[in-house]
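*Asks:* Please model the entire structure based on the sequences and the hints provided.
From first to last, the protein sequence lines stand for chains A and B.
Counting along the first sequence from 1, when you hit position 90 you're at 90 in my numbering, and nothing is skipped either side.
Counting along the second sequence from 1, when you hit position 13 you're at 13 in my numbering, and nothing is skipped either side.
Be aware that a few hints might be false.
Some residues of chain A that are not near chain B, with every Cβ distance over 10 Å (derived) [claimed, not checked]:
| id | residue |
| --- | --- |
| 1 | 15 |
| 2 | 31 |
| 3 | 33 |
| 4 | 101 |
| 5 | 119 |
| 6 | 135 |
| 7 | 145 |
| 8 | 208 |
| 9 | 209 |
| 10 | 212 |
Now the stretches of chain B that chain A is said to cover, found in silico as 3 or more residues with beta-carbon under 8 Å [to be verified]:
| id | segment |
| --- | --- |
| 11 | 16-28 |
| 12 | 112-122 |
| 13 | 135-141 |
In short, the hints are calculated from the structure, not lab data.
Note that CB positions come from ideal geometry on N, CA and C, so glycine has one too.
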Amino acid sequence: MATAQIALVREHTEQIRPPRALWVPFSLGRPLGVPNDTAFQRRVLISVLDLFAAESGPVLVDFPDDAPGDPAGASEEEMEGMACPVPMAPTPEEDDDDRAAALTREITRLGPWYDLTVDKRGRTTVGISGLEMEDAARYVAAILDDPMSDSPRDDLSRGEALKLACEDLRAYYLEAVTAQPGHTSIAEREDWFWNETHAGKAFWALKPICQASDDPMMQAMGNYLLVPRSQLGGVGANPEYDT
Amino acid sequence: MVRLSDLPEWERDYLSSLPCPTFDSDPWVDGPPLAERRIAIISTAGLQRRGDRPFMEGTADFRVIPGNVATGDMVMSHISVNFDRTGFQQDLNVVFPLDRLNELADEGVIGSVADFHYSFMGATDPRDMEPTVRHLAGLLKDDAVDAVLLVPV
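*Replies:* Below, the structure written as structure tokens:
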């Protein structure tokens with residue numbers, strides 16, 4: 001079967017030597033470069049499909065342009081318009097004493113922004129856990145209180161349900177924050193989630209609990225599948241395969 | 001991705017240390033001109049339809065994505081937390097360029113778009129995926145596909 005591929009890490013592609021590859025200088029998670037930029041995506045796509053015309057290989061070609069306005073490289077000036085959708089400093093009664101209540105209040109406050117995003121995009125990527133956001137938050141809080149809390153789904157282990165609940169919560173928060181006016185970078189959004197929200201605080205608190213768990217998925221979450229390397233400064237990377 | 005030289009040292013060292021398979025030969029398959037090719041997308045982004053089984057650590061099989069899938073039905077359960085998801089949240093095509101491919105087919109740039117596309121979860125050891133991939137190659141041939149676009153995340 002003839003193949004052509006987009007390559008995000010040129011050094012890996014040089015070692016693997018696939019038949020036809022187009023290296024692109026874009027952020028991980030964005031192999032076509034820019035969301036909602038049809039013309040740019042089309043250029044990338046045609047560039048990789050053109051490799052099917054090569055007469056021999058391996059072929060490794062560099063895409064010539066960076067992604068325009070790639071938020072990964074947004075300047076300080078571009079970020080000035082960022083508005084914070086929720087109060088950054090938790091009020092005293094929202095401190096860690098009742099995590100479930102604090103998370104639920106935060107989810108409620110983000111609701112209008114999340115709804116705006118769904119209206120604008122006509123879709124949401126929230127939903128892999130099958131849980132309502134409030135139920136996902138309650139499960140995270142329950143695990144923080146008692147790591148042996150039952151899975152909310154009969155068909156998923158405790159750790160599997162926790163992983164999916166965390167992914168849905170993160171997706172919900174990030175979809176909500178991007179409804180705000182202004183240009184926020186990928187890093188800015190991540191920093192906001194991990195350092196300025198109750199959900200982020202809860203995830204940080206989950207990390208050591210997961211590491212101490214007997215559940216394999218929870219162990220993996222504690223070690224490398226919960227907090228990104230970018231937040232850890234490189235600590236906790238999966239020694240094998242990751243992205 | 002952004003150039004390794006632009007990354008923090010810890011991230012550069014991590015990516016540089018990831019094991020990469022090597023092969024004894026350079027396989028090569030010819031085919032018709034692009035305007036006659038039937039193309040399928042294989043993604044490693046852990047994409048799935050809402051309600052499909054989520055990918056978990058070590059999952060080596062794939063999820064089927066019908067060519068007429070509704071964008072709103074597409075979600076992602078890749079286990080890694082180390083890549084941006086906000087692009088995908090804004091526009092499926094930045095990860096899975098099905099609309100762009102259909103446009104090229106409508107314009108005659110490519111021959112046609114396959115009826116089915118596929119997604120793996122790229123954090124699994126690729127050696128564990130090999131039996132599934134051999135099975136998948138047969139499915140692609142049954143769909144008359146003669147060109148596969150591989151898209152990482």
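*Asks:* Out of the numbered hints, which ones does the structure contradict?
*Replies:* 1, 2, 3, 12
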